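Could you put together the complete structure from these sequences and hints?
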Amino acid sequence: MIHSVVHIAQLSLQYAHHVVLDGLNWQIHRGEHWLIGGKSGSGKSALARALAGLEKTSGIVQLFFDNTSPLPPRALYVSNWYQFTNLEGDRNFYYQQRYNKQQKDDTLTVYAELAHYAKAKNLWLEEVEQYLALFDFADLKNTQLIELSSGEHKKLQLIKALWLKPQLLIIDEPYTGLDKSSRKMLNGYFDKLAAAGVHLVLITNDADLPGCINRFAEIEHGRLKQLDSVLDLSKDAGRVQKTLPLFLKEKPNVSAEVMVHMENIHVRYGDKVVLKDISWTIRAGEKWLLQGPNGSGKSTLLSLINGDHPQAYANHIHLFGQRRGSGESIWDIKERLGIISPEIHWYFDKTAKVWQAVASGFYDSIGLFRQPSYDKQQKVNQLLEFFDLTEYKDRVITTLPLGKQRLVLLARTIIKNPPLLILDEPCQGLDHDQTEHFNTVVDELCGFGKTLIYVGHYETHLPSCLEKKMILEKGEVKTIQDITELVY
Amino acid sequence: MANYFNTLPLREQLNQLSVAEFMDISEFADGVSALKGKKIVIVGCGAQGLNQGLNLRDSGLDVSYALRKEAIEQKRDSWKNATDNHFTVGTYEDLIPTADLVSNLTPDKQHSSVIDAVMPLMKMGATLSYSHGFNIVEEGKQIRKDITVIMIAPKCPGSEVRAEYLRGFGVPTLIAVHPENDPQGKGLAEAKAYCVGTGGHKAGVLRSSFVAEVKSDLMGEQTILCGLLQTGSILSFDKMIEKGIEPGYASKLVQYGVEVITEALKQGGITAMMDRLSNVAKIKAFEISEELKAIMRPLFQKHQDDIMSGDFSRTMMEDWANGDKKLLEWRAATGETAFEKTPAGDVKIREQEYFDHAVFMVSYIKAGVELAFETMVEAGIKPESAYYESLHETPLIANTIARKKLFEMNRVISDTAEYGCYLFDHACKPLLADFMKTVDTDIIGKDFNEGKDMAVDNQELIAVNEAIRTHPVEKVGTVLRTAMTAMKAIKTA
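Line by line, the protein sequences are chains A and B.
Residue numbers are given in this note's numbering: position 83 of the first sequence equals residue 83, and the series is strictly consecutive.
Residue numbers are given in this note's numbering: position 324 of the second sequence equals residue 1324, and the series is strictly consecutive.
These are calculated hints, taken from the structure and not from any lab test.
Just so you know, not all the hints are guaranteed correct.
Below, computed lysine to aspartate or glutamate pairings styled on EDC-like, alpha-carbon distance capped at 20 Å [unchecked claim]:
no.	chain 1	residue 1	chain 2	residue 2
1	B	K1036	A	D271
2	B	K1038	A	D277
3	A	K39	A	D206
4	A	K478	A	D179
5	B	K1075	A	E328
6	A	K121	B	E1336
7	B	K1302	B	E1287
Please read these numbers as outputs of a predicted model, since none were measured by experiment.
The following block contains the structure:
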């Protein structure tokens, strides 16, 4: 007799009037480890959540746990989006908050959070040390949650999951934002868990998987369709080549030959050094790749450029030819650059609609506070059309698949045709095809004299226009080199 | 020092009380230029001090902090706030003499001693700014005649001042110039520039006067509104316990209910709040609120009279001088109330349930907000000023209750507000004792609509709607809220 771990029959789920799952059947047997992939918006996350009992569904979902196993008889769902609250229980953060220092703690520390988790899940707090070590997280124990980078948040989610070792572990986009070494380690660890009796369900389109994954499926018309391998997953329809709207082909107004000039930058919080002795010059038109492991200081470095970091005033920084702190406002700076980052996405107004979100890019505001002129409205419409987003223009941004949400934020970033574009892990959470699509657009955009800073972990997932690279490690510059030469 | 307001002839009292001009954004076209290149020194680095300073610096202005020697030597929180954000910090002696504008953002209670220390050090012709006019109006502090005195009062907590600025918006703000201290006629230009620097100009600015700001703020935020919410919370909770509602549920219904209910108030005024009720419940709530208004009106009038005459501030300052005896006594008593001691239960309450199960709370908030507004306007305060200090403030205060109940509200707002709150609460509860005997769980604790056939009389409903919608607070509110439409909804747990 084959032992079942999961028995799902006739599972159906609707969001408003949209049918997501429609009479889906699925059996997970002992020893099986599943990958669920496929097109964005096909219902992968919904199925994962339903499996963990987090969705209101009709149909049968039965979990059979092994009572003889030492592992906790439960299913754990790890979301593709991390969440935390401040000490007063509200989630009303702004994304620059991690740079603004106030004397009271806004959020729990990593360690306090883990202590809560241990209590809630009946775990020994001492045991967490080994998992912290796995992810090189021990130094972050006393860091507040709000101070973590997006990659570090992902690691914290994974630490909790590995520590709990539930009999059924469901992880939605496990690799989002992870650097290369963490990813490799994680896959090795998944295999260990599988050997110890954990059943894995991974939701991803990534082909670089742990060896234990032995079942593959996607969702088609609300039902599960089993596949032979990860290579058989359906892909989103390729994008029809469209011409860039005319206003984005205009060479941006460049006021200075040197866009960014930093000399011996130091950033520290108390005793913790985040950036150390960094000098960096970015000339107009250059295309830079910025790399470094999670927590190496990339986002902090960029926040000095985009006007979000108060310590910029204490450092020697020239932006667009003007010394920082010489009477410019952060709005003067933001006007000349466009930025997207996982943090901006995470903190973005959850109630914003697509059209309004894009239009707010004209004013660098989170939320649209004035009526854009006719000319500006036309630009928003043209750009939405260019990104194939017109049909979503009245939708609330968070109801779109992640890939589409990123495109909306990219559109918001470039709507004013800024001379400097900062793309901090813009493809985090996107699959291979979506990433390629995104990077093609970046290449097109940057063909007209724009300056670019691009942050990405994976060499194979980068736009081709990049020509120089800086690598950070533990807050210091490790290398600066030309990368165009490598191509020849 | 004599109460400034009481030294004025009636004509001038009325004149200053009635300054209330809602400013168009075009009036801020000069941006921060009136303060560009000038040296701004902020005294105090608490929530308002730090966050206003961060905004001003990010707007391209030159900001530093003057702190008392002890605060620097002992590395107190104010010193850490300023240095961690890489501001220049120095003693009064170091920094004040260099300042073109000194911004006093210390707690109200310290104003007199701070001004005594700072004023002799200020250079000729400099500007002194406040975020609240108590010191000038109630304490009657005389400022050197060469100094310009202005006020920029953001109508939100400091953390919101920062958060809204970084979103590219701002918080509604009152600005004023003290007519006794504007020797060069630069006051208004500097107040506007400061307001732009904090982002306030994008969210609606009311030009007010020191007198109008103080008399309406003391009445609204500092007395009636906190007191109103405290009394309403305690009465609602006690009634539910008396009638056998589960304490955890009752505690949660009140703690988060005030926030959910007033969120509707914030977005669409009394009308929107009342429209959240079913027709039968709305008619009931209207009746109750009329009754409550009749009971409470004399108390509101007494508070307003005491504020106008200066009696309120005089007795409060006597308590300051007496080591806060009354304040501490009342604070301890509040900490001991059953509502404060009962944690919110781990029960799910749907958003609509907060209305349907708390018709009394809705009625009570309507009564309180309308009465506060009416009483202020009767006393000569303009509707625009009265709106900020009644309807606008109520959700902000309710938000603090949702965070950590009454203790948090009283801790966060200010010592003056805390004093006024207790004063009102102690007078209001006995006043409502008889009325409360008539209250049952249908209007607090359980669903008012349950078991009703929901039918109403057309004429009655039309009349009730008409009365709600044409109240003067709704008329002025509609105009002012359009300027603040972009204000973010306060998130609810």
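Tested hints:
Taken as a hint, the K1036 (chain B) and D271 (chain A) pair is broken in the structure, with Cα atoms around 34 Å apart against an allowance of 20 Å. Among the hinted pairs, K1038 (chain B) with D277 (chain A) is inconsistent with the structure: their alpha-carbon atoms are about 32 Å apart, more than 20 Å. Restraint check for K39 (chain A) and D206 (chain A): the C-alpha separation of about 12 Å stays at or below 20 Å, so the hint holds. Restraint check: the Cα-Cα separation between K478 (chain A) and D179 (chain A) comes to about 16 Å, which is no more than 20 Å; the hinted pair holds.
Distance check on the hinted pair: K1075 (chain B) and E328 (chain A) sit about 31 Å apart at the alpha-carbon level, beyond 20 Å; violated. For the hint linking K121 (chain A) to E1336 (chain B), the alpha-carbon distance of about 34 Å lies beyond 20 Å, and the restraint is violated. Our distance criterion of 20 Å between C-alpha atoms is broken by K1302 (chain B) and E1287 (chain B), whose separation comes to about 24 Å.
The structure fails to meet hints 1, 2, 5, 6, 7 from the earlier list, while all remaining hints are met.
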